[in-house]
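K.L.:
Here are the chains, one letter per residue:
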Amino acid sequence: MTTEQDEDLRLLRDSVSKLLDRAGGVGRARRVRDDGAGWDATVWGELADAGVLGVATPEEAGGLGMGLPAAGVIAEEIGRVIAPEPVVPCVALGIGLLHRLCPDDPALENAIAGQAVLAVAWQERGPSGVSDAVDCEFSGGTLTGSKDWVMGLGDDAPVLVIAKSSDGLALVRVAADAKGLTKKAARQSDGSSLAALNFSATPAEVLAEGAAVSTALADAIADATALTAAELVGLSSASLTLTLEYIKTREQFDKPIGSFQVIQHRAVDMQLMLEIAEAGVRESLAAMENAPNPQARARQASRAKARAATAAQNITREAIQLHGAVGYTDEFDVGLLLNRALVLSAWLGDAAYHRRRWLEAREAEEAAQ
Amino acid sequence: MTDWNALSDAEFRAEIRGFFEAEYPEELRHLSHRPKFAEIEHWHVKLHAKGWVAPAWPTEYGGMGLEAAKLLIYYEEQQRYGVNRGRDMGIQMVGPLIIKFGTQEQKDYWLPRILSCENIWCQGYSEPGAGSDLANLRTSAVIDGDDFVINGQKIWTTMAHDATHIFMLVRTNQNTERKQQGISFILAEMDQPGVEVRTITTLAGETEFCEVFFDDARTPRANLVGEIDKGWTMAKALLSFERIFIGNPGLAQNALAQLETFAKGRGAFDDAVFRDRFATVALDVEDHAALYSRFADQLKRGETLGADVSMLKIWVTETYQRITELMIEVAGPDGGTLGPLQVGNIGVDVLSSFYKARPSTIYGGANEIQRNILSKAVLGL
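Here the protein sequences come in this chain order: W and F.
Taking my numbering, the leading residue of the first sequence gets 1, the next gets one more, and so forth.
Taking my numbering, the leading residue of the second sequence gets 370, the next gets one more, and so forth.
Looking at chain F on its own, in the form it has when it is part of the complex (with noise of 0.2 Å):
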């Protein structure tokens, strides 16, 4: 077996950039909506071939045991080429908190069926009480026998239509000093009747979320992850790697290259305050990418990131969404127009990447949270 973390940078990214563009399906590139499985399963089924599923996995449970800087290469390719992240809730979640905290049995039973999507997994987090202020949830599980029964509703769980199983934290002690304890971490089958999933429809016309109501759901008590009451610290140990990959420069960097683009084919560069406001984002773009290289310099290092890594998301999604939104100035008259507008013989869907943009400031700790993190881990306010 290849061992990635030998090849240097330029390597290795050769390698996957050419796996890529020869593997990855044309039709599947830059997808504006997120697929159900099927419509991706026979990219899956290559990259599965190939041992490619889950590139942070240890290689002892069939991942490429890659080390944050290659891993950061792999992501940034995959956004660079338009490769569809697939239905990853499972490679990028479940996967390692079993592999952390999982017994024996649970490792050898779920991460097969993880790598092949045999299993095709749901997050089970927020819900409607319980969003920036994730620990206020409420939803429960009791023991009863060798089961728990779990009621509650989950809420903005992305495509659990799609779903065979759901990971999510739940309450199962209700006297607690705080409330961050008396939270556990299980797993459960969604086609079982005491389950029911509802679509919510976005303001782009889509469907990708859903809201997930639980009434005397059952799951063997065998499906609980590491120990009873201790969810909330096994679940926020998952989240350093996702903290400077949230914030990386690969989407505001194609929504750039869709603007230039667009504006080329509208002329928009002969306008003196279009070529101002241009440069701005242009330059917002290229510095956030310098503040990045010095976190993934971090890494590369062998160094832990501060809480100051915040600070990438924050800026990337703001910036975003301001190049989203020069793209409808742009876009003058058809700045509403669904589908894409055409330049050219290019088609831009404005409007797909401006309703994209927006919910970049809420998920992953909407940017109001993270400025709270970042005053008063990094400023001491």
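Chain W with its partners taken away, still in its complex shape (with noise of 0.2 Å):
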């Protein structure tokens, strides 16, 4: 990488951690939780504006065309503060999605100036979990079936969903107020919701039909595993920088308790995953920009959420324990970051699902070669 790039990184960087630390840092998000609002308008307004949400997206599709490493940036200065909004979705599948299958539809310059906030529902449910299957139906102008997991669901937004149709996947959107659309939300550790949508002879209108869709959902699952990733890389940080400070401050026995040597080794052990994480999914990020096929693509995103799962669940875990009684308190931040790392972690895939996709997908690779 060259220093030019590394220096645009660093002035992003600056610049919306400095919008979500006036906004509130991570105390905002236990605000936001208490009013049920599910996230924060003038917030998003202003990272609409600070070019955040069309990081991504090419240059002449109307976006910063900046590209995976940049939006990696955002995505863990997100994950720093746990800003409720849902920027990873909305950037990589609702923006991610459009950019690639309808770049002259309008609702792809609104979503990046901020004016919706574009959920997905592409995933459905099985007997046991994530169905492989797409059984939501597209046909004659209305969808029939179910989804689930939708994460940044707005209640008046319309919603765009993955269907199956006569020529392999639509996507297609649905007004919020459309006949026989049903809406159920999970709530989640963090207070925020995943919902649940039935559709019953609904209608809706076709943006994009075809193997494109396949190919699109693909890119745009995988840059929201590989960004969730970075957003948990942040948290991570966030929890290690409050437990250092916890730790130089709390006193017992008459001295600071970092300054006993099981909690010191504990707390380098913190530090030593969450950079290795940082490390493995900024490199992972940047592998995906070049990478050769979806496969690989596919690979360094499962490989970012792997690490990136396993290092905010230990630190966010070992942050609770090293603040003792306290950090089991909603009063105190670490444990909003646990909340918080409980949804990210879950969504798209743990790390033990996305160990085994890495592992397929090497082997997959392999025998291509």
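No lab work stands behind these hints: they were computed from the structure.
Treat the hints with care, since some could be wrong.
Stated by the list, open to error - Restraint-style ranges between C-beta atoms, simulated for each label pair: (1) P294(W) <-> S377(F): 27 to 33 Å; (2) R670(F) <-> D21(W): 26 to 32 Å; (3) R250(W) <-> P728(F): 36 to 42 Å; (4) E429(F) <-> E7(W): 35 to 41 Å; (5) I738(F) <-> E60(W): 39 to 45 Å; (6) A626(F) <-> P294(W): 25 to 31 Å; (7) P294(W) <-> T602(F): 53 to 59 Å; (8) S377(F) <-> P256(W): 45 to 51 Å; (9) R670(F) <-> A186(W): 47 to 53 Å; (10) Q5(W) <-> H417(F): 55 to 61 Å.
Bear in mind the structure is a predicted one, so any value in this text is a computation, not a measurement.
C-beta: ideal position from N, C-alpha, C; glycine also.
Take the two lone chains and join them into the complex the hints point to.
P.N.:
Below, the structure is given as structure tokens:
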């Protein structure tokens, strides 16, 4: 990477982190959770004004064209303050699908400008978790079936849906108040919701159809997975920072507990997990930019998520232990980080799932050689 | 003479790789034991003729004059191809010290003999009471006319039984405020009445480590390198490159490749539990390599590495151990069997890899000491 790019990323990081700190830092997540609003529309607008939502969209489609490493920088900063705004789902899935499939649709420009939060419904629930198949069907202008685990769905926002059609997969849009659409929200540990949607002959507008949809979806999912990993890296870093501050000031036996070797070594191991995760995830994002094929992109995304989820779970749990009893209260911010880590680790596949996917992708690439 | 630093990294790597692949004797690749000099002498002769014995030394002293980034590539290729490091204590430790702190006479006399391996060196640092707490060393050197008279004991002296000379840290002043003061760096001949070497048999049944006893052994005062009582600072000054190199991914990458070959041969990839554990260690290696690249890039930009570079050593050695432990699990009932286990037409020496991984968390600063350093210098605890 050239130093000019490094400098661009540094400036981007700086401006996003300032914006988010001004908005209220980690503690804001508690307020937004207690208000029950999901996220803060004012902050969403400010992020859009800063160019955050179009960062990875090519310039010819109206974005900044800075690529995944830049989106990763933003995701890390979002994670550092556990901002409740659904930046990664919207940037990677909603905007990611539109700029790949229908760059001329006005919805793309609107989304980048922050006027609509674009949620994507693509997963379906099977008997034992996520179904491998898409059964939700689009035909004759209506949609029938169900979707689950939709992140970042606003009350009045339309939703983008992946459905099967006569021509393979289709990307369709369903209005918020469409006939036959029912929504059920599953409340998450961090106060956010994942929506389950049911469509019964629901009118839908088709945006794209055919093989291009499958390809774009795979790319968008890989992006969302890797960027969620970056968000977890930022979150882990915040958790460690809080913990270091705490063990330097909390005294027991007349000394800061951070002066005890057993605490020191555990803190070093947290730092080590964080640094490995940060380096690995950033390398994955850079590699995805230049990946020769979808398989290689997916492998890098799985590598990133497997690492980041593992690191975040370990670090946030260790953080609670090193805080002692106060770490178990809602009053202390470390708990917010743990609760957010649970949601982000589970969404789009946890560490064990992605280790499996990583190995399968590696074997498939080897076999293809 | 070629200016190696002027080549691109890729050109330089190709140059090094090409030479190793063309010239390094097949039977010496990936040796599982530390060879005596006689075993690898034919390779050393070739390397010496090529002028590549001392990649880090300045060219005026017969080295390759490589900058840190190129040096890393040299060692990466060496490790990748399984090229034995040879008896390199003189090259790695004594030479740089003499170049930095020695007199002109010392340079003229010792450096050519180090390059040619006419002198083969061993390192006398650790003592029974001075391991992690190295400054606690007690072996003394007392001035007597033109000589130092040495008394005491060194331990974990690698290959002392196949060395002609020893470089050592000795106490030359008993009355200092801090124990790091009063330590000097001296050179001595092994073949003399006051020096006795006993080998130590390791868990792996090998005898590469020794104890060295000094009983009124002598060395000329001219063999003091640098100032008297200032040896501690000098020895520490040498370790900056060592600190990234000891954390390089090579050993773990080689072990992982070995695990993969072995596990394929044993059908372990059909087992879901093994698959998950393999993916875990493989990703541990891959993400470590990413962090290693970050530090290597710092070197390439000419920056000085901070104390945080020690993280690499902790992670890679502990990963290396987990890989070899997993290999033993794959071996099943053969997990205690010495020597190569056959998979197809390849023999994989599982136990030898396991044994080799054990001391990696102990040598070069035990991982617990590394954690102490990181806690203080990086986390500010």
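K.L.:
Does each hint hold? Answer for all of them.
P.N.:
Comparing the hints with the structure gives:
no., hint, verdict
1, P294(W) <-> S377(F): 27 to 33 Å, "holds (31 Å)"
2, R670(F) <-> D21(W): 26 to 32 Å, "holds (29 Å)"
3, R250(W) <-> P728(F): 36 to 42 Å, "holds (37 Å)"
4, E429(F) <-> E7(W): 35 to 41 Å, "holds (38 Å)"
5, I738(F) <-> E60(W): 39 to 45 Å, "violated (55 Å)"
6, A626(F) <-> P294(W): 25 to 31 Å, "holds (26 Å)"
7, P294(W) <-> T602(F): 53 to 59 Å, "holds (56 Å)"
8, S377(F) <-> P256(W): 45 to 51 Å, "holds (50 Å)"
9, R670(F) <-> A186(W): 47 to 53 Å, "holds (48 Å)"
10, Q5(W) <-> H417(F): 55 to 61 Å, "violated (44 Å)"
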